[in-house]
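Undergrad: From first to last, the protein sequence lines stand for chains Y and P.
Note that the first sequence covers residues 1 to 281 in UniProt numbering.
Note that the second sequence covers residues 1 to 281 in UniProt numbering.
Taking lysine to aspartate or glutamate pairs in the EDC-like style, the calculated list, with each CA pair at most 20 Å apart, reads:
no., chain 1, residue 1, chain 2, residue 2
1, P, LYS123, P, GLU101
2, P, LYS117, Y, GLU37
3, Y, LYS226, Y, GLU275
4, Y, LYS117, Y, ASP98
5, P, LYS81, P, ASP24
6, Y, LYS123, P, GLU139
7, Y, LYS226, P, GLU67
8, P, LYS117, Y, ASP128
9, Y, LYS212, P, ASP221
10, Y, LYS123, P, GLU101
11, Y, LYS117, P, ASP128
12, P, LYS81, P, ASP152
13, P, LYS212, Y, ASP221
14, Y, LYS117, P, GLU37
15, P, LYS123, Y, GLU139
16, Y, LYS117, P, ASP36
17, Y, LYS117, Y, ASP97
18, P, LYS212, P, ASP258
19, Y, LYS123, Y, ASP97
20, Y, LYS123, Y, GLU136
21, P, LYS226, Y, ASP266
22, P, LYS123, Y, GLU101
23, Y, LYS170, P, GLU67
24, P, LYS123, P, ASP97
25, Y, LYS226, P, ASP266
26, Y, LYS123, P, ASP128
27, P, LYS117, P, ASP98
28, P, LYS123, Y, ASP128
29, P, LYS123, P, ASP98
30, P, LYS123, Y, GLU136
31, Y, LYS170, P, ASP36
32, P, LYS117, P, GLU101
33, P, LYS117, Y, ASP36
34, P, LYS170, P, ASP114
35, P, LYS170, Y, GLU67
36, P, LYS226, Y, GLU67
37, P, LYS81, P, GLU275
38, Y, LYS123, P, GLU136
39, Y, LYS81, Y, ASP24
40, Y, LYS117, P, GLU67
Hints listed in this document are in silico derivations from the structure and should not be mistaken for laboratory results.
Protein chains: 2
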Amino acid sequence: MEQIAIQGIAGCYHETAARGYFADREIEVLPCLSFDELFARMAADPALLGIAAIENTIAGSLLPNHELLQQSRARIIGEQKLRISHVLAALPGQTPDDIAEVRSHPIALMQCGDFLKTLPGMKIVERDDTAGSAREIAEGRLAGTAAICGADAARLYGLEILRRGIETNKHNFTRFLLLADERRAAEFADPAHTDKASLLFTLPHTRGSLSKVLTVLSFYDINLTKIQSLPIIGREWEYRFYVDVTFDDPMRYRQAIDAARPLTSDFRILGEYAECPNPAI
Amino acid sequence: MEQIAIQGIAGCYHETAARGYFADREIEVLPCLSFDELFARMAADPALLGIAAIENTIAGSLLPNHELLQQSRARIIGEQKLRISHVLAALPGQTPDDIAEVRSHPIALMQCGDFLKTLPGMKIVERDDTAGSAREIAEGRLAGTAAICGADAARLYGLEILRRGIETNKHNFTRFLLLADERRAAEFADPAHTDKASLLFTLPHTRGSLSKVLTVLSFYDINLTKIQSLPIIGREWEYRFYVDVTFDDPMRYRQAIDAARPLTSDFRILGEYAECPNPAI
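Extracted from the complex, chain Y is given alone in its bound form:
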């Protein structure tokens, strides 16, 4: 059975995304307390797969994960997109008036900012994980405390849902990357369905260097779905570029890479995989 390291504990959004991606096979999820731990476990065990959130339509790119990815030997073997809908959950029998403290992951707290503003005086406590907040409350029998988490986590830990859909913006989607060690990535290659790639490159500080690269890509009918200049830590305000592209013709894509590579330095293909369709709202 395939083992997949996830960030978070049982019931978390990463588990939901991993099970969605591997819908047709049995998987075992290995909870990790942080993205650092996830990448460290993958580095220690090349057989292990992983899944890591990389961007969210509200919070934007998760830059620390970009950094961990580029420092690792992991390759992207696929992507999964998930609509994120948060609930407020507490011990059975609790009412909203009983709640004096809300716990969750900082990004989930931010995503529920408007809802939290309707609860003046509420103590907000940052935790490592949305599902972990639910488990803490369940295991500690913590009356007066609620978690912001997914409905899956509330159900798994036997909490009662006090409010559903408390995220400020309903257009709240997270994109996850499926990862494998570079020595295993070839096993997951599926050329017939490969239509997306994630690229990373550094550019010399000459004017127009990025426009040359993008122009070459467009000459070969490569479509850009994301571009982000990343700070290069240690060289302030200089940037590396992270680019996602989609394409119809794999041969044209190969030619585009061959043509663009000499215009860059540190050119890396982080992964070639099948694009995930956008989920419904």
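Chain Y is fixed; fit chain P onto it per the hints.
TA: Chain P in isolation, oriented as in the chain Y frame:
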């Protein structure tokens, strides 16, 4: 005296940045509890200036502030860059062994991740503000609790610094934008020193549309210092582009804008201002 809305309370990094920018004149800072409040106060009072962090070399872009900026009538009149160095501060007489809880802003907590890992079992509590955490501890005489904040805040609120330089990465810089209502922006125009601009545009979903825009900019000797595709909320996985450019010749810059604009939709100049030199480490 010029009034400037800052995010955070007296002693916070925003105040340090504002006073650094207006080093040659008296200013009065108006503390705001959130960026939402800062933009709301500026909208209510067109005479008010503002300062808002927009990116950090570690945490990356602050996407919610991009969103607030583009929905506002504010213009960028300048930028300030600040090296961020955090301290751990507590009531005078406390030792590190006395501390059971650390409070700070979620981004500051993240930036001190390695330091916090050396304190197993420590309760980590998210607060609105780094300086606010220091003030809470001082006003509440909270023994056993420490704040992660700037040295300015620790000094202002009479806390003792237990540890300095606890940020994981010393290459920790934040870039702040100075903001004025569009009706006041012209007062701050300084054509002789204007060499940077922040642009925002949306592109049609045709291949090569971004490469065309960047190629035109490069034809006119415009240098790209930052590019970021921003999610358009409500249109998932479609992107708006936020681009910072620098230039030597203002006439060439004008010509470049005139040439690039028809290739885009929703083209906006968020501000034209003087580039801030990079601070020393």
